[in-house]
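A.B. asks: With chain A's structure known, arrange chain B on it following the hints.
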Amino acid sequence: MNYHSPASFAEASRIAADASGITRFLAGGTDVLVQLRADIVTPDTLIDIKKIPGTGEITRNADGSWTLGVAVPGAELGEHTGLVADWPGVVEAMNLVGSTQVQGRATLTGNLCNGSPAADSVPAMVAASMTATVTGPDGNRIVAVQYIPTGPGKTSLAKGELVSALHIPARGENAGDAYLRFIPRSEMDIAVVGCAVNLRLDGDTVVEARVSLGAVAPTVLLVEDAAAAIIGSTLDDAALDRLASAASAACKPINDKRGTIEFRTEVAGVLAKRVARIAYARAKGEIIKGHHG
Amino acid sequence: MALDDLKTKDFAFVGTRPNRPDGLDKVTGRAKFGADAYAPGMLHGAILRSPHAHARILRIDTSKAEALKDVKAVVTRADFSDKVPFEPGLEGEFWNVLENVMAGDKALYDGHAVAAVAATSALAARDALKLIEVEYEILPHVTDVDKAMLADAPVIREGAADYSVPEGMHPNVVRMHESGHGDVAAGFAEADLVVEDHFTTEATHQGYIEPHACLATLGMDGKGELWCCTQGHWIVQKTCAALLGIETANLRVTASEIGGGFGGKTTVFIEPVALALSRKANKPVKLVMSRSEVFRATGPTASASMDIKIGMKKDGTITAAEGIFRLQGGAFPGGPAEFTAMCAFAPYSLSNVRQVGYDVMTNRPKQAAYRAPGSPMAAFAVESVIDELCNQLGLDPIEVRLKNASREGTKASYGPRFQQIGLVQTLEAAKAHPHLSAPLKPGQGRGISCGFWFNHGGETSVSLALSEDGSAQVMVGTPDIGGSRASMALMAAEVLGIPYDNIRVTIADTATLGYNDVSHGSRVTYASGLATIKAARHAVEKLCERAAKKWGIPVDAVKWENGCAVPSGPNAGDFDPLPLADITANMGQTGGPISGHFEATPEGAGVSFATHIVDAEVDPETGKTRVVRYTVIQDAGKAIHPTYVEGQFQGGAAQGIGWALNEEYIYGEDGRLQNSVFLDYRIPVASDLPMIDTVIVEVPNPGHPFGVRGVGETSICPPLAAIANAVSAAAGVRMRNLPMSPPRILSALKADG
Chain A
1 MNYHSPASFA
11 EASRIAADAS
21 GITRFLAGGT
31 DVLVQLRADI
41 VTPDTLIDIK
51 KIPGTGEITR
61 NADGSWTLGV
71 AVPGAELGEH
81 TGLVADWPGV
91 VEAMNLVGST
101 QVQGRATLTG
111 NLCNGSPAAD
121 SVPAMVAASM
131 TATVTGPDGN
141 RIVAVQYIPT
151 GPGKTSLAKG
161 ELVSALHIPA
171 RGENAGDAYL
181 RFIPRSEMDI
191 AVVGCAVNLR
201 LDGDTVVEAR
211 VSLGAVAPTV
221 LLVEDAAAAI
231 IGSTLDDAAL
241 DRLASAASAA
251 CKPINDKRGT
261 IEFRTEVAGV
271 LAKRVARIAY
281 ARAKGEIIKG
291 HHG
Chain B
1 MALDDLKTKD
11 FAFVGTRPNR
21 PDGLDKVTGR
31 AKFGADAYAP
41 GMLHGAILRS
51 PHAHARILRI
61 DTSKAEALKD
71 VKAVVTRADF
81 SDKVPFEPGL
91 EGEFWNVLEN
101 VMAGDKALYD
111 GHAVAAVAAT
121 SALAARDALK
131 LIEVEYEILP
141 HVTDVDKAML
151 ADAPVIREGA
161 ADYSVPEGMH
171 PNVVRMHESG
181 HGDVAAGFAE
191 ADLVVEDHFT
201 TEATHQGYIE
211 PHACLATLGM
221 DGKGELWCCT
231 QGHWIVQKTC
241 AALLGIETAN
251 LRVTASEIGG
261 GFGGKTTVFI
271 EPVALALSRK
281 ANKPVKLVMS
291 RSEVFRATGP
301 TASASMDIKI
311 GMKKDGTITA
321 AEGIFRLQGG
331 AFPGGPAEFT
341 AMCAFAPYSL
351 SNVRQVGYDV
361 MTNRPKQAAY
371 RAPGSPMAAF
381 AVESVIDELC
391 NQLGLDPIEV
401 RLKNASREGT
411 KASYGPRFQQ
421 IGLVQTLEAA
431 KAHPHLSAPL
441 KPGQGRGISC
451 GFWFNHGGET
461 SVSLALSEDG
471 SAQVMVGTPD
481 IGGSRASMAL
491 MAAEVLGIPY
501 DNIRVTIADT
511 ATLGYNDVSH
521 GSRVTYASGL
531 ATIKAARHAV
541 EKLCERAAKK
551 WGIPVDAVKW
561 ENGCAVPSGP
571 NAGDFDPLPL
581 ADITANMGQT
591 GGPISGHFEA
601 TPEGAGVSFA
611 THIVDAEVDP
621 ETGKTRVVRY
631 TVIQDAGKAI
641 HPTYVEGQFQ
651 GGAAQGIGWA
661 LNEEYIYGED
671 GRLQNSVFLD
681 YRIPVASDLP
691 MIDTVIVEVP
701 NPGHPFGVRG
711 VGETSICPPL
721 AAIANAVSAA
731 AGVRMRNLPM
741 SPPRILSALK
751 ADG
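The listed protein sequences derive, respectively, from chains A and B.
For the first sequence, UniProt numbering assigns the number 1 to the initial residue and increments by one for each residue that follows.
For the second sequence, UniProt numbering assigns the number 1 to the initial residue and increments by one for each residue that follows.
Looking at chain A on its own, in the form it has when it is part of the complex (with noise of 0.2 Å):
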């Protein structure tokens, strides 16, 4: 196994586009490193990126958009009022993943690019629109972070290439976003079922929303037509109903041993519900603690 630590993402991309064998990248390495030592994948080159300047850091642009460093980890993100006052949908999710000691380490770009679709982090990153720096051989491109993750543990990310940031839009006024999942413990645990909705109000109407499953399919999901429930409603029981539905309709899961195909389509619905009550009261200016299961 080789090991790198590149100071540019540049750099980063070279040594990957050469690299023969298996290559990982490792920011916080909460998958990569556990993933070695239970003898699941053994890189042939990992390429350590967190020491490339800039990549802990958490930045608020100018025009209110937030640019988000490749190795911050959840726990600082936890910590970023500012951060957490635009985007709690967001960061809950990222601090739903693991333990505490995991969160010390732990990243969005980690999460996203595991390829999980079970991943926390995934469905809010999603439906708070989100993109991603693609840098590769030949420069940079920006991509929507829900084209990222293909499958299981498969990313659309070229040999070569690698996210070298997070963007998230600009929040504006009267919004809202919000993250749930399903776990039969209180917390330790893996999503049977993830739901997150970001949603904007004009008054008491949704005016905007974007609803994303995980767990339910082999890619985290944007449901539109659960979108579409509840867009010109002000979230009332028969809204509430049709995004229950819609977003039951949208799951294509599996029986496996952490759920079945009926309790992962009844119990996606019965989130969306509750997630979509969160992000309204949110974007309603209510201040909503993260839930921790």
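Calculated directly from the structure, the hints in this document are not laboratory data.
Just so we're clear, the structure is a prediction, and the values are computed from it rather than from any experiment.
All C-beta atoms in this analysis are idealised placements derived from N, C-alpha and C, irrespective of residue type, glycine included.
Watch out, some of these pointers could steer you wrong.
[To be verified] Among chain A residues calculated to face chain B with C-beta under 10 Å, some are:
#1 R14
#2 I142
#3 S186
#4 E187
#5 R258
#6 T260
#7 F263
#8 L271
[Said to hold, decoys possible] Think about it this way: if two alpha-carbon atoms lie no more than 20 Å apart in a straight line, the pair counts; the simulated DMTMM-like pairs of lysine to aspartate or glutamate are:
#9 A:K257 - B:D574
#10 B:K313 - B:D396
#11 B:K559 - B:D574
#12 B:K750 - A:D241
#13 B:K130 - A:D44
[Unchecked claim] Restraint ranges, calculated between C-beta atoms of paired labels, are given here:
#14 B:A432 - A:K252: 49 to 59 Å
#15 B:E196 - A:L33: 51 to 61 Å
#16 B:S747 - A:D241: 20 to 30 Å
C.D. replies: Structure of chain B alone, referenced to chain A:
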């Protein structure tokens, strides 16, 4: 001196709560656990495990692994003793253990060891395993207990059934137990209501935090040293010696600190393999299991399929009870079917009772003891039916249990008459507890259950040596899995009359003390405690002799009081009290070192009962359960160190919550274990548990000098049933299958409409 009197009150030390003697070492990381041992020239071992649930081993080629420079030894079954006889049932337990630690002709479950390597690093050992070629012929497998009893089920091993199994049963049924008394048919005829139902529980793992680990040295002179985490190093010594074909006394075994056992460390898994590797490599070999290996290849408890039938009169009197219990214990005899059957109805005084247990083999790992093996599942089934009878007849669940409760003199469902027992007292304490009358919120339900465990005595040796300065060292042979060093020191302090802090209790190795049975059966505070008291009394006899000699009076004119020899009465003479330290200061000149010893197999363990009260809340939209309040009430006989007793009560409840709600062995169609990591084998995390309230009831056990009853196991007997009764009440639908996971509860709610 009246040294054998039962003392049940006016204690100076017993019943206090001093700091644990191993506390500093454990919080500073200084304590040495199984994996903390190192030796010069040490090699690292790794074990190759079968990926198949059931397969004939046609060929093992180890040549490529052996050719590696870093590899110093490779072993297979051929490197173990060929003198261990196969016998049916548990008669051939050494053979069963040998077959389990290293497969012979067949791999019997996913994770079964087939070969092992010792190399210069752990990584080299792991990679060398990949070069061992094993050719398998895959055979049909079965992992479900009911399916394993069907006529067309694959046979795990012909000839494993013992004499107890009737003709015509499937060869996978290897032992049968039947007991009871009265006429159950007549009893059911007398009942106003008979409820008959079927229940299942899944296999759950003991879930100890410390994976198995050992460091083994076995030289060409046939002498060995073994350091390992175990609940009993003499059984390790005896078993390893047999499996390696060496003399028992030539193997010295030292028990490390232990990061949990709960019954799962009462046998051997990796220890004989490490010894075999060491013998072949002529170097020390360290072997440490991964968590995945712990799940796949060490003992979970048995899974169970149970039929219960109970008849009751309108006034709550149970007229008859019958149970059939099928226990799946993996690919070997030993599923605790007889314990399940015997414990099932033990809390109740019954005129007509019958219980049948079947020990059934499947393609799963060999089950190991888990805290009151067999009893929790029995209580789940029986106490669920009693709850259902109470509901249907509109009766109070505590009053019904009190009405039928076993008491002193009751003929137990499993045969003997109970001596002094404390079930009624736990029920009365439950009745009086504020928990029972606290209001429930919407969506919540309350459940109660009783539970029973036999408790055990077992072979026990203790030595106690006094130092010149008047301090004392106590050598016991039962690894400290629940605070026993503190309890032993308190009991010794009580007898000697010296401070707790002046007594150091050590777990002696197999070369420095006589045989000791494993720390199991809730026996340690009872049996090692009894032996410690008797060893201390033996030392006191000698102290009194020295005082008598000094004073020139007969020894029976001296008694021991508050740490001093004193004349037994005014006629004995007028001498100042002689403190222990004054006697030991010059003991070398007055007759030599003073020590006390005791060896026996005490038989008066004293059975134990508990009553638990649980409040649970069920989310009707997701089926998720939260345990919101929990109270454990249990008879401890006498709590030597009440904090440890409370810890045992809470620990049993916590493990019961996991077993009831989310823990389970999940097998795929291919017979492979699907969830061999803690991410998917869901033991409760701290935030899943409420504060578990405890009430210690003390009904002295006449079989122990201070009245002690073991407390470690009974605490896990009622939780499954108490939680199931609470969840069933909250959900409005009877839950008959464990675990009560959210998908299962949601599906039951949907089916119920």
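A.B. asks: Confirm or reject each hint.
C.D. replies: Hints versus structure:
no.	hint	in the structure
1	R14	29 Å, violated
2	I142	34 Å, violated
3	S186	4 Å, holds
4	E187	6 Å, holds
5	R258	7 Å, holds
6	T260	5 Å, holds
7	F263	4 Å, holds
8	L271	8 Å, holds
9	A:K257 - B:D574	78 Å, violated
10	B:K313 - B:D396	14 Å, holds
11	B:K559 - B:D574	13 Å, holds
12	B:K750 - A:D241	18 Å, holds
13	B:K130 - A:D44	18 Å, holds
14	B:A432 - A:K252: 49 to 59 Å	55 Å, holds
15	B:E196 - A:L33: 51 to 61 Å	54 Å, holds
16	B:S747 - A:D241: 20 to 30 Å	22 Å, holds
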